[in-house]
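Asker: One letter stands for each residue in the lines below.
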Amino acid sequence: MDLETLLSYEWGIMTPEFIILGVATALSLMDLFMPKSQSRKILGWVGFAGVLAALVSLLGLIGHGPESILLDTFRLDSFAKAFKLLLLIGSAMVLLIATGYEPNEGLEEFRGEFFYLFMAALLGAMIMSSSGDLITLFVGLELLSISSYILAGMRKRNLHSNESAMKYVINGSIATAITLFGMSYVYGLTGTTNLKEMAGFLTSVYNEQHIYLLGLAFFMIVVGLSFKLAAAPFHMWAPDVYQGAPTPVTAFLSVVSKTAGFIIMIRILFSIFANAPSGDAQGLPMILALQDYVAFLAGATMIIGNLIALRQRNIKRLFAYSSIAQAGYLLVVIASMSLFMFDTLWFYLGAYLFMNLGAFAIIQHVTHKSGSEDISQFAGLYRRAPFLAIAMAIFLLSLAGIPGTAGFIGKLNIFMGALVPSEGHYVLVSIMIATTVVSYFYYFGVMVQMFFRPAGDTGKVKIPAALTAVIGISLAATILFGVAPNIAFDFLQGNFNQFTDFFQ
Amino acid sequence: MNLTYFLSILVFSPLLGILVLSFLPKTQESLIKTVGFLATIPALVLALIAYFQYRAGAGLEQLNEKVSWIQFGDSGQMGNLFSIDYELGLDGFSLIMVVLTAVISTLAAIASIHIKKEWKGYFMLFLLLEVGMLGVFAAENLILFFIFFEITLIPTFFLIGKWGYFEKENAAYSFLIYNGLGSAVLLIVIMVLFARTGTANIDALMAAMNADNPQLVAPISENMKMGLLIALLIAFGVKLPIFPLHSWMVKVHVQAPPSIVMLHAGVLLKIGAFGLIRFGMGIFPEQFQSLAVWLAVLGVVNLLYGAFLAFVQTDFKMVLAYSSISHMGIVLIGLGALNEAGIQGAIFQVVSHGLIAALLFFLVSVFYERVQTSNIQNLGGLAKGMPITAGFLLAGAMASLGLPGMSGFVSEFMAFLGLFKEMPILAAVGAIGIIMTAVYLLRAVLGITYGKALRDFAGVTDMRKFEFVPVLVLVGLIVLIGVYPSVLSEPLTSTLETIMLGIGG
Chain A
1 MDLETLLSYE WGIMTPEFII LGVATALSLM DLFMPKSQSR KILGWVGFAG
51 VLAALVSLLG LIGHGPESIL LDTFRLDSFA KAFKLLLLIG SAMVLLIATG
101 YEPNEGLEEF RGEFFYLFMA ALLGAMIMSS SGDLITLFVG LELLSISSYI
151 LAGMRKRNLH SNESAMKYVI NGSIATAITL FGMSYVYGLT GTTNLKEMAG
201 FLTSVYNEQH IYLLGLAFFM IVVGLSFKLA AAPFHMWAPD VYQGAPTPVT
251 AFLSVVSKTA GFIIMIRILF SIFANAPSGD AQGLPMILAL QDYVAFLAGA
301 TMIIGNLIAL RQRNIKRLFA YSSIAQAGYL LVVIASMSLF MFDTLWFYLG
351 AYLFMNLGAF AIIQHVTHKS GSEDISQFAG LYRRAPFLAI AMAIFLLSLA
401 GIPGTAGFIG KLNIFMGALV PSEGHYVLVS IMIATTVVSY FYYFGVMVQM
451 FFRPAGDTGK VKIPAALTAV IGISLAATIL FGVAPNIAFD FLQGNFNQFT
501 DFFQ
Chain B
1 MNLTYFLSIL VFSPLLGILV LSFLPKTQES LIKTVGFLAT IPALVLALIA
51 YFQYRAGAGL EQLNEKVSWI QFGDSGQMGN LFSIDYELGL DGFSLIMVVL
101 TAVISTLAAI ASIHIKKEWK GYFMLFLLLE VGMLGVFAAE NLILFFIFFE
151 ITLIPTFFLI GKWGYFEKEN AAYSFLIYNG LGSAVLLIVI MVLFARTGTA
201 NIDALMAAMN ADNPQLVAPI SENMKMGLLI ALLIAFGVKL PIFPLHSWMV
251 KVHVQAPPSI VMLHAGVLLK IGAFGLIRFG MGIFPEQFQS LAVWLAVLGV
301 VNLLYGAFLA FVQTDFKMVL AYSSISHMGI VLIGLGALNE AGIQGAIFQV
351 VSHGLIAALL FFLVSVFYER VQTSNIQNLG GLAKGMPITA GFLLAGAMAS
401 LGLPGMSGFV SEFMAFLGLF KEMPILAAVG AIGIIMTAVY LLRAVLGITY
451 GKALRDFAGV TDMRKFEFVP VLVLVGLIVL IGVYPSVLSE PLTSTLETIM
501 LGIGG
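Heads up: the sequence lines are chains A and B, in that order.
The first sequence runs 1 to 504 under full-length UniProt numbering.
The second sequence runs 1 to 505 under full-length UniProt numbering.
One thing to keep in mind: the hints can contain errors.
Stated by the list, open to error - The calculated lysine-lysine pairs, modelled on BS3-like cross-linking and capped at a C-alpha distance of 30 Å, are:
no.: 1; chain 1: B; residue 1: Lys452; chain 2: A; residue 2: Lys462
no.: 2; chain 1: B; residue 1: Lys120; chain 2: A; residue 2: Lys462
no.: 3; chain 1: A; residue 1: Lys41; chain 2: A; residue 2: Lys462
no.: 4; chain 1: A; residue 1: Lys462; chain 2: B; residue 2: Lys117
no.: 5; chain 1: A; residue 1: Lys156; chain 2: A; residue 2: Lys36
no.: 6; chain 1: B; residue 1: Lys26; chain 2: A; residue 2: Lys462
To be clear, the hints were calculated from the coordinates, so they are not data collected in a lab.
All of these numbers come straight from a predicted model, not from anything done at the bench.
Please work from the sequences and hints to get the whole structure.
Answerer: Pasting the structure below:
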């Protein structure tokens, strides 16, 4: 590739990525040259500013038509824009949560590392959402994963944190290996790593053996990627990692990393398998023929997540299972493959971002002073800090899908998508609704602690400003999108035009 | 008078009270109680205005409101499909339910004077509950109905769990899980209907489901309709409650604070009956007809089961709880009869039982406040210590067992009249329940008023001034409906006509 072609690319569409890359580099240099005694908290604010700048530049690109550079490996389509928006908003809020994080044993000497690794992870997630090629997708995935492994073990003197990083890295590697194995079959069949070329090539596959191989690849890719979503069958890491990792990292894993998981899943499944034949008599595309398989995973994930959550006493483990359950709800969207799929996924991930991050901000604040993460830490919170208790109650109600909150509208959307096809997914919807009722038990269990139990610790709780901001924004968004969801839907319709350019 | 936002103001007026309350200091007990009470007044006044205007001949259509709210998918592509409007409206039946809700809410707010702690939180939840209840009856589409329906769930959970008696949390959880499952089933029905027809508006759904060649997004087979109706029956059966699904409701009646039970027995249970009539009969008339016999059977089972169990209870609150189950059986009997008398009887019973249950539970709160027990034996000889309360208790029991001249008589008479016309044998079996009702109520009430006194009522004061208000209002309404039933039947005429037209009667 000569310089001329290189310069002819429209690099402008990568501005958000460049900003994040630049900030990550700058942060690591600053960390290196800053005197040891100085607090690294300032790095958090620089990072926050960087994410905001990337967000602004992304908003500037929203009107930009679909464009693909670097030999179709990097593409900016509606899908990339819409989901990067979620990644950036989520990351900005996680950074705010992180600046208020003060674990017992201290984090001062590693705090700098935290921020630039965080930026690297975010960069990986963003690359994934814009990839048009298996190689860049995989590089993005690894960038996100490896940074996350280190982030999980950030509290180096804490046993749980070490355990969590270890488990995460081992499970993660196995999952990545499976994904990669699956990808290798597709590459072997088509001889290209470019998603668009693959899709074109696969429409003309008629050999039954090849179709069989393709099906195998589908299974392996879905199984491998379920790790990032924390969905069955690769969900077992979540409770241990969530519990051991520093709370901001847990928040990051449960929101940003999960969103990235759905992004790569959609990218790969719908780019490669949407047009591939399944070999059955009616000429169904492979993705529709294997729909039930995804539906099965969704059902299993919802049941496992919600049932095991019932027995948790540790709030972070509880939220780990809750996040597994939420991944199950989101898989229902993919399994139902209706015409509302992209909208629904985007809206629910957005709603989930706000309600979950808001809840994690409160969890961090309530647990990290005492060092205990038992749900009894929430006892009498209503007496000690009524605002926190009411905010937490609203986040929990939203996670449980009670009307008036964004979570309800999101669930409504999911149900509708699953029931619209003439062969409605009744079983899946029934499982989802039944497990939602089960989830009332544990979500309301936390509320019972907050409102009904007497306070053990009667001291007034003072909330840092950054956390207040996160809680306030999340609260406003959760209620706003619950009462007037059309704001989000209009934005979606107005700017992303039904995501039709995804397949172009 | 500008009527554009009349219903919205009616439904959401209690929110104003919540707003004012949030600025009041926690410790101002009497101020909080006054504000809490006053906040229920606007809804009451507006509901009464609507009622009298309607009686005077004004149409209810002018109250309809419609604002587009959520649009799923691309509006250009979908047209009107998959859009949800914020739409409120009333017909004769829902108007009566709104009036009932507003009346009982105001009276329950007076009864809340007996609440002992955290009045601020209590009244905020109480008013939120009122918004939910009013909204349920005014909602014109299923999604909105469901939203208000769920809004009633959350405050009730907290009101029971925080302000109830000894096993309050157990009762609250039991309430949450049963009703959560009920509303889950309801949500499935609603979403299937919405996804397959593209609309959630009740009138549009009625038209779409009963048209010969309906324009649907995806087909709905006859079997699916039957399945949906059975699901509806389960969903509202939990609420009503129908026999095997009732255990939560007994717990709630016993453990919840009496002011909340007034609302619960008076209004919340009635949502089940309202839903069955409005959606079950309205949207699936054909399928409803084929299930009618079973409904009547379930009704008789409810009636007898409740009556027999009420007979052996030692706690007066338990007697009332099983009596509620028994009386809801009469609603089912009326619906199962599927003729005009039966359905009218069912609706009358909904209103009448709402008033009677509210009255009896208010009286429970009056004497529980003074003697800290609701055990029938321990209460023996109450007439000596609290003659007025005992007298009203007797009046309430008479109304409940269907003494002519009171509302209970009218409704039971009509429901049974309807059933005797269609299924005489079943009705004859059911009539045993009526006798049982007299037996258990008289046993309990006479045991309390004139039973052997185990304790001394010397220092106990009788009802105070403000406590007369709810009692007199409720007794007045019960007698009014008893002697002049057209206060209810006239507004119901058009609703009944629509229903009868649907089921081809």
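Asker: A separate judgement is required for each hint: does it hold in the structure or not?
Answerer: Okay, the hints, checked on the actual structure:
1. Of the supplied pair hints, the one linking B:Lys452 and A:Lys462 is violated, its CA atoms being roughly 60 Å apart against a limit of 30 Å.
2. Pair hint B:Lys120 plus A:Lys462 holds up; C-alpha atoms about 24 Å apart against a cutoff of 30 Å.
3. Taken as a hint, the A:Lys41 and A:Lys462 pair is honoured in the structure, with Cα atoms around 19 Å apart against an allowance of 30 Å.
4. As the CA atoms of A:Lys462 and B:Lys117 are separated by approximately 26 Å, the hinted pair is consistent with the 30 Å bound.
5. For the suggested pair A:Lys156 and A:Lys36, the alpha carbons sit about 18 Å apart, so the restraint of at most 30 Å is met.
6. As the CA atoms of B:Lys26 and A:Lys462 are separated by approximately 21 Å, the hinted pair is consistent with the 30 Å bound.
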